[in-house]
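Engineer: Chain residues, written in single-letter form:
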Amino acid sequence: MFYIYCPHCEEHREEEEFHAAGEAHIPRPLDPDQCTDQEWGEYLFFRNNPRGIHHELWVHAIGCRKFFNMTRDTQNYEIKEVYKIGQQPKITGASEAAAAKEGV
Amino acid sequence: MQKYSGFGLLKHALSHHENWQRVWRNPVPKKKYDVIIVGGGGHGLATAYYLAKVHGITNIAVLEKGYLGGGNTARNTTIVRSNYLWDESAKLYEHAMKLWEGLSQDLNYNVMFSQRGVLNLGHTLQDMRDIERRVHANRLNGIDGEVLDAQQIKEIVPMMDCSDRPRYPIMGASWQPRGGVARHDAVAWGYARAADALGVDLIQQCEVVDIIIEDGAATGVMTNSHGVIEADRIGCVTAGNSSVMAKMAGFRLPLESHPLQALVSEPIKPILDTVVMSNHVHGYISQSDKGDLVIGAGIDGYNGYGQRGSYHTIEHTVQAIVELFPVFSRVRMNRQWGGIVDTCPDACPIISATPVENLFFNCGWGTGGFKATPGSGHVFAATLAAGEASEMAKPFSMFRFYDGALIDEHGAAGVAH
Amino acid sequence: MSQQNRLKSGGRIARNCQINFSYNNQSYPGFVGDTLASAMLANGIDIVGRSFKYSRPRGIVGAGAEEPNAIMQLGATEATQVPNVRATQQELFNGLVATSTNGWPNVDFDMMGALGSIGAKMMPPGFYYKTFMYPKSMWSTYEKYIRKAAGLGRSPRESDPDRYDHYNQHADIVIVGAGPAGLSAALVAARSGARVIIADEQAEFGGSLLDSTALIDGEPAMQWVTKVVAELTACPEVIMLPRATVNGYHDHNFLTIHERCTDHIADRAPTNISKQRMHRVRSRWVVLATGSHERPLVFANNDVPGCMLAAAVSTYINRYAVVPGNQLVLMTTNDNAYSAAFDWHAAGREVVAIVDTRSGGAGAQVVDKANSLGIRVISGAAVVEVQGSKRVASVSVSALNSVGDKLTGTLEQLKCDTLASSGGWSPAIHLSCHTGSRPVWSDQVIGFIPGKTVQKQLVVGAINGTFDLQSCLADGTATGELAVLNAGFTLASGSEYSDAASAEIVTENPPMALYHIPHPKPTSRAPKQFVDLQNDVTAAGIEMATLEGFESIEHVKRYTAMGFGTDQGKMGNINGMAIAAKSMGKTIPETGTTIFRPNYTPVTFGAIAGRHCAGLFDPMRFSAMHEWHMENGALFEDVGNWKRPWYFPQAGESMQQALERECLAVRESAGVLDASTLGKIDIQGPDAREFLGRVYTNAWAKLAIGKCRYGLMCGEDGMVFDDGVTACLAENHFIMTTTTGGAARVLEWLEIYQQTEWPELDVYFNTVTDHFSTVTVTGPKARKILEAVVDDIDLSNDAFKYMDWKVATVQGIPARIFRISFTGELSFEINVQANYGLRIWQAVMEKGAAYNLTPYGTETMHILRAEKGFIIAGQDTDGSVHPYDLGMGWAVSTKKAFSFIGKRGMQRADCVKEDRKQMVGLKTKDPLQVIPEGSQAVNDPNQPIPMTMLGHVTSSYYSACLGHSIAMAFIRNGHNRMGETVFYPQPDGTAIEAIICSPIFLDPKGERQNV
Amino acid sequence: MSDQNNRAEFIYAQTINSMDQRPVSDSGIEGRSPLKHADLDTQATAHQGEFGTVQLTELELLGHIVLRGKLSNPGFTQGVERALGLALPDTLKMVEKEQVSIRWISPDEWLVVVPGERSYEIEQALVNEVQGHCAVVNVSGGQTILRLSGSDVQKLLQKSVPLDVHPRSFPIGKVVTTVFAKTQAVLSRSSEQQWELVIRRSFADYVWLWLQDSCAEFKLVIKQNK
Ligand SMILES: Cc1cc2nc3c(=O)[nH]c(=O)nc-3n(C[C@H](O)[C@H](O)[C@H](O)COP(=O)(O)OP(=O)(O)OC[C@H]3O[C@@H](n4cnc5c(N)ncnc54)[C@H](O)[C@@H]3O)c2cc1C
Ligand SMILES: NC(=O)c1ccc[n+]([C@@H]2O[C@H](COP(=O)([O-])OP(=O)(O)OC[C@H]3O[C@@H](n4cnc5c(N)ncnc54)[C@H](O)[C@@H]3O)[C@@H](O)[C@H]2O)c1
Ligand SMILES: Cc1cc2nc3c(=O)[nH]c(=O)nc-3n(C[C@H](O)[C@H](O)[C@H](O)COP(=O)(O)O)c2cc1C
Ligand SMILES: [Zn+2]
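Residue numbers (the numbering used here), protein chains in the order written: chain E, 73 to 176; chain A, 9 to 425; chain H, 6 to 1016; chain Z, 63 to 288.
The reader is advised that the hints may include incorrect statements.
Covered stretches of chain E, as calculated for chain A (at least 3 residues, CB under 8 Å) [to be verified]:
no.	stretch
1	108-121
2	149-162
Heads up, simulated DMTMM-like pairs for lysine to aspartate or glutamate below, C-alpha to C-alpha not over 25 Å straight-line [unchecked claim]:
no.	chain 1	residue 1	chain 2	residue 2
3	H	457	E	168
4	H	712	Z	82
5	E	156	E	95
6	A	19	H	148
7	A	277	A	169
8	H	707	H	736
9	H	461	E	114
10	Z	244	H	753
11	Z	281	H	673
12	A	40	A	26
13	A	277	H	148
14	Z	236	E	82
15	E	156	H	765
16	H	918	E	82
17	A	298	H	753
18	H	789	H	695
19	E	162	H	762
20	H	587	A	96
21	Z	285	Z	170
22	E	162	E	103
23	A	402	E	150
24	E	156	Z	82
25	H	141	A	26
26	A	162	A	281
Quick list of the computed label-pair ranges, beta carbon to beta carbon [what the hints assert, rightly or not]:
no.	chain 1	residue 1	chain 2	residue 2	range
27	H	969	Z	278	51 to 59 Å
28	Z	144	H	814	28 to 36 Å
29	H	228	Z	278	33 to 41 Å
30	A	23	H	373	22 to 30 Å
31	Z	104	H	619	21 to 29 Å
32	E	174	H	591	44 to 52 Å
33	Z	213	H	461	43 to 51 Å
34	H	854	Z	161	36 to 44 Å
35	H	443	A	16	35 to 43 Å
Source of the hints: derived by calculation from the structure; they are not laboratory data. The beta carbon of each residue, even a glycine, is placed where N, CA and C say it ideally should be.
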């Protein structure tokens, strides 16, 4: 069971207060009408679903009701960081791989 | 293949069980195969078996990164039924059901398919409407089933609380007598043994780490243990890891991999003879032939490849079970575990060609693919053999997520099972 | 009875508190402080059960969580039955009733046992996969017998009278295990002022010290324990939990601790006290000091009662003053186990011999002691076989080569009644593995120790392979310090490492890595050599499994069932892995281990569920008028968490009669509905209107203040998921209604778009569902009734138009009244602050009496709206229909500048194809026949199965007002099939004939609501 | 998306509809709190003078007003301060002065609780004082407050809420929205042994059942609000 730091409440809370809301950083196409079926389908349904570093959206549902992003390792469930909507992650699959190479 | 029978057992007993044949070989992989199947779960092994048996293609390797049948096949609650709502899926699951009914004999391996009946409970008026709708459809599709009221349910499951006491009293249920459970390991092993006997190479501890693509067509795989193995066609049957495989091939799938947990009680004397499932209170239960109550939960909401989930999901499930069966409160949970389920937006599988030529996927079975194992293998074998989606596979193309022809089985798939 | 095996003195039992228990209907004495197992042994009970596959008699082997055999049925009454209680962990209480689980007619004489010995040969691992297949039809019969034979104890058949609860805890440091290592760590942690929880599964703290004769700081070890416990007790921030098993270690340092609060007192917990409590603990750091489990050795007939673990023998003697036999042979691979023989000797019983498997024998310290006590020590030898059936009668000993894979001498027979064995100690690494960490093999430890983990976890003591007491104490202190610093605290002065308690340093000869004792016959032909006693897994079975090709250790586990039992292989797993490895010519680390998962020891479902059962399983939500509904005989429907009135039957009325009365009242005079449960969302902000335009399919730009509008909400896939009316309260202010069940989902839907997609839109959403009570008055007389209750405004059709809302005072209470209609009749929805909801309801009822104002529930509401063809999201939609399918294209505005949610989705190829299933109405040929909801349409009811289905009936009722049945249904291409006939085949073989029509059955022009 | 410059300037009060929702004055009409059916008063009278290790008081029929706005909008923050004489509290903090309290709910949300009879007056003050994009929402009918005091309350809370209620993590003056059994509550600590739970109306009966059940091992005594 996860122990999640809410960037809005600024403290750790139990997972029971939160909902996972799927992969993060999937912006709605700005002009949906110009999308092909394939593009729209990609937006709606197709996901990276990585094994390893994953950026996902969570909401502090029974709490401050705010959405935020989380970088989490989907294999060992370690939460690497949380960050607010509109911000970009500091840790990515690529950055982790680079760090691993350098032996950091 | 050495034939198994009661007589054979006696014969081996006399020779102190020293002369049993291997169930499968441990071959060194060849450089090239006609077909490589990635993933040695029930579905992958069944695919190999039917390719060999039905389509005569025996130059096949099944590559498994761990041990055969160690993925979701090893960790599912083994519920088998075919009472799905939509024609396309009902057809597929019923195809599987028919194969289940002769599977032990076909494989000469007792998969302990036990048609003890499956109840899907309804606790609200809308549940009952959904149940009626599904049972009506099943009947016209030739699938057995009826709608029972609380009294009839009580007769089948006397230990369940069918009174008005529960928070959500049981209003009725759909009942599929031909449904039941099977021994999950035996299914994998039975297929593996039979496939091996037909010449299929089963390669364990062999992880595919890349898919080799030339001019838009897959030509082989890179493995962690045996380097490159070439193939004319590749079928990925990797369940929770399918997105990882797709990434190797350069595309994405409409899948999310979620933890799905299950648990067993300590073994107890027979007390529950059927399978009971409830979408509304969110739990399902059966008793295995070993005596343990096998209990399942809903998926955890986040993506996870850890083969474990969160404890509060277990709590909710157990609460649902105690709510349905207050008599089980003093029985104890022995073990819990998790699998990685590849959930699809419409709760239906993907049996499909892909943007890469010669590369096919069979995935997206999510929380409910064990019951389809024989059917899935059979249909995917036909697809691999033909090099294009077979008739029954057609509706399950991954491209339905572009045009929108989804087959929404959330109602029938309900909670995980 | 005599307690013939009880020593005159010693032990940690309360000799002045004699109590009685019954086992298999016979009464026996024991003492407070006993476990059920120690009391049974004290009374000379040898056979405690029968093995499940071969039905062999079994006795107690261990003294703790590792016990595989002594699995009892407990309980004096039906409702208090508990299956599968480990006698070694069950404290004795007065009046305890235990029975053995397997064995018929009884454990001492078992019919199946006789059969078992013949059948055993036919039951190698996986035999059931290889047989019972032919003839196919017989399987269900075979299976019945297989099921009967399986299972241990039985479930109660009455509901549990006891309570169980949950307790959430947060700690800086949790210490698991209160042995020397755990206690040392706890002391340091406690002194730092950190919040500490120390839990131990046993009744008393002390761990292995409880049965040890060792000295700490020169005094008996338990004196040190007493001091430490006293100091910990005095620390306000330390929580000490005896009888509390940490059964699961979950991600991010979350632990579940199962405390058995009253299991040691009685069958049933005292009133209002929880029998068991589940602590749900989040800790910054976790120190695992769970100790280790002794391994027995595997040899022929090693399951005969009287075969025990060496350490268990010591435990029974030292802790319970029970000697479980008269003549002991001890077989050991290590020095440590010698103490079992010494304890036995000290208890005044005969030690026949110590058989040490090491050619070099033991270290001087223990050898000298054995010699001085006159105990015969046979080194470089092993017990290869036990003789005896219901109790060990003798053992055969043979010389063994130095690596332990060959017998080198002749057999010597030793008479004895107890054979204790020790193959070394397996660290209790279970918890460290629960979060996916793989343990690593240590040749030095001869066991697996915890591996790398991402949890904030430290391990210390025997779990880490540290077996000497001095190091356990010192490491405990050091680990405690580390935990304190890691958790962000500072060490209290005086708690430095140097302060650790100290014990004698023992020099030992290294232990021997030996698991399986060879037999003169090959394993396959030797008498059974058990590895997993509970599952009757033998060495031969494991060898056979590997020979058959089950080479992965996971396959071995699954094929043989090794480690599947209630002990989860605590005793047998390492031996099994060793045997599998050897059989394949591999090392143990190459073979690997299976995975440990929760639970460490089994936990009742009751404790996991806690109080969240029965009335508290899920909240019931009530509206402010609920009491009135109850008093007026409403039956209720569950909608989400809400209890909504379903209908209000009057005395003697059937459901159908009640519905017809309610419906007719609405159509002819007036009805009243409690609509308070509908979701209500207050929406404010300069971009509120824009936002509505994006989330609803229709246009909102021009909705004037004072007006209401119906809207459909779709997903990005274009499929309808909710609907409702939204009113414009002011320029930047709207109030939205949602379906009852969809309220929470819609609010989260709005929020996710606002927060993540369109943060530039200034709009706030707040739920006011609970704030307002909604009283819907509907029917031709609605205006009359409103006029009677409304104090101040003009309710005429001109002044207060359809789809208007107005502020008014209703019986002295300010209200917003919405003139919207879900019945097609003239309707007013009165919204007041819920504190006044009941009052307004009562006032309306009172004034409405003159107009036959009739309360109605959800069922009537469903009929009334169906007469009008209004959909109910969730009943008439299922996530696969878009507005055009529903014939609601009028609610879609394609002209909006912004591509609203759902627009693109509903234009995908499959969504615009010709022959989609479309919502239509149905009239049955027989006007009185109501098509069952869910029925599937076909063109030709006589076609063969599988039939081609066209769509299903979503809503279907008898309309009293129209005098015929009505239905809403999906029909493929239905909008173009008006007037055509379809059939609905029924389970009884008949088919109901119906004609496709518009779903608007009543007042298609909508005149009634406009009056 | 209206122009950012205009945004701060529009007059909030003119863009929304707020109304007095209490009975007209001297009507003598009393509201019914969500727990009225539990008849706490009778129980309180029956056990008057008894001391409970958990004492429960319903603070019924107070004015509850939700405030939404951005801290970066001075028209909002200063307006609130002018209207209430209290500044908006920081994250997870609660402030109180002369029967008016403000609970932090979220970075852009606060709950103002005021005496029932002053609720519209204060709501109006807020509506009139705040400027720009914000929201003032009367939710008085939708929730009630339970005050729990006594030596066993912390234990009771440990049975009911997953978050840490130890004084080190939950000091006096802290407020959180969290899971309460299977519903939710806004929980605040007003003294070492005194806590307040803001709960939703429709769940009030469930919370009441839960409290009685959880207190079975303690001594629960109902106290009247006065
Ligand atoms: C807890 C739980 C309960 C369930 N209950 C039910 C139920 O009651 N009824 C039901 O019908 N279904 C149920 N299911 C679903 C069911 O288990 C699965 O749908 C089904 O077993 C899938 O079979 P499979 O062979 O496709 O997958 P798997 O058995 O998972 O096999 C996939 C294999 O691919 C291997 N693999 C992955 N990546 C690679 C790679 N790169 N290289 C080589 N090999 C690879 C994996 O190791 C794995 O062995 C349940 C699932 C879970 C987790
Ligand atoms: N000389 C040897 O060969 C040898 C071998 C093994 C152990 N020992 C002795 O054992 C002791 C080891 O000390 P230690 O402190 O590491 O272990 P310990 O065995 O003394 O204490 C561990 C405690 O943890 C408890 N426990 C285990 N799992 C638990 C769980 N999941 N939940 C709650 N409680 C749990 C056990 O019941 C036990 O009381 C030393 O005294 C050592 O000398 C000696
Ligand atoms: C139907 C079924 C029944 C099971 N019964 C038991 C059981 O009685 N005892 C047990 O220890 N494990 C049982 N398991 C769980 C397995 O031990 C194991 O946890 C599971 O297969 C997942 O594998 P893993 O734990 O190695 O990851 C069962 C699993 C399944 C799917
Ligand atoms: Zn938060």
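Engineer: Do the Cβ positions of residue 443 (chain H) and residue 16 (chain A) conform to the proposed distance bound of 35 to 43 Å?
Structural biologist: holds, 39 Å
Engineer: With a cut-off of 25 Å on the C-alpha distance, tell me whether residue 402 (chain A) and residue 150 (chain E) pass.
Structural biologist: Given pair residue 402 (chain A), residue 150 (chain E) is violated - Cα atoms ~40 Å apart, limit 25 Å.
Engineer: So does residue 144 (chain Z) sit 28 to 36 Å from residue 814 (chain H), Cβ to Cβ?
Structural biologist: Hint holds: Cβ distance 30 Å, inside 28 to 36 Å.
Engineer: Hey, residue 789 (chain H) versus residue 695 (chain H), does the alpha-carbon distance stay inside 25 Å?
Structural biologist: violated, 38 Å
Engineer: Given that the stretch 149-162 of chain E was listed as covered by chain A, double-check it with a C-beta distance under 8 Å for 3 or more residues.
Structural biologist: violated (count 1)
Engineer: Could you grab the alpha-carbon distance between residue 918 (chain H) and residue 82 (chain E) and see if it respects the 25 Å cut-off?
Structural biologist: Roughly 50 Å between the alpha carbons, so the hint for residue 918 (chain H) and residue 82 (chain E) is violated.
Engineer: Is 21 to 29 Å a correct range for the gap between the Cβ atoms of residue 104 (chain Z) and residue 619 (chain H)?
Structural biologist: holds, 26 Å
Engineer: Can the restraint linking residue 461 (chain H) and residue 114 (chain E) be considered satisfied, given a maximum Cα separation of 25 Å?
Structural biologist: Cα-Cα ~39 Å, so violated.
Engineer: Starting from residue 156 (chain E), check that the Cα of residue 765 (chain H) is at most 25 Å away, please.
Structural biologist: holds, 15 Å
Engineer: For the pair supplied as a hint, residue 141 (chain H) and residue 26 (chain A), is the alpha-carbon distance within the 25 Å limit?
Structural biologist: It is violated: about 28 Å lies between the C-alpha atoms, which goes past 25 Å.
Engineer: Taking 25 Å as the top limit, are the C-alpha atoms of residue 156 (chain E) and residue 82 (chain Z) close enough?
Structural biologist: Violated - the C-alpha atoms of residue 82 (chain Z) and residue 156 (chain E) are around 38 Å apart, more than 25 Å.
Engineer: Is the Cα-Cα distance between residue 298 (chain A) and residue 753 (chain H) 25 Å or less?
Structural biologist: Outside the cut-off at roughly 45 Å; violated.
The structure shown violates the earlier hints numbered 2, 9, 11, 12, 16, 17, 18, 20, 21, 22, 23, 24, 25, 30, 32 and 33.
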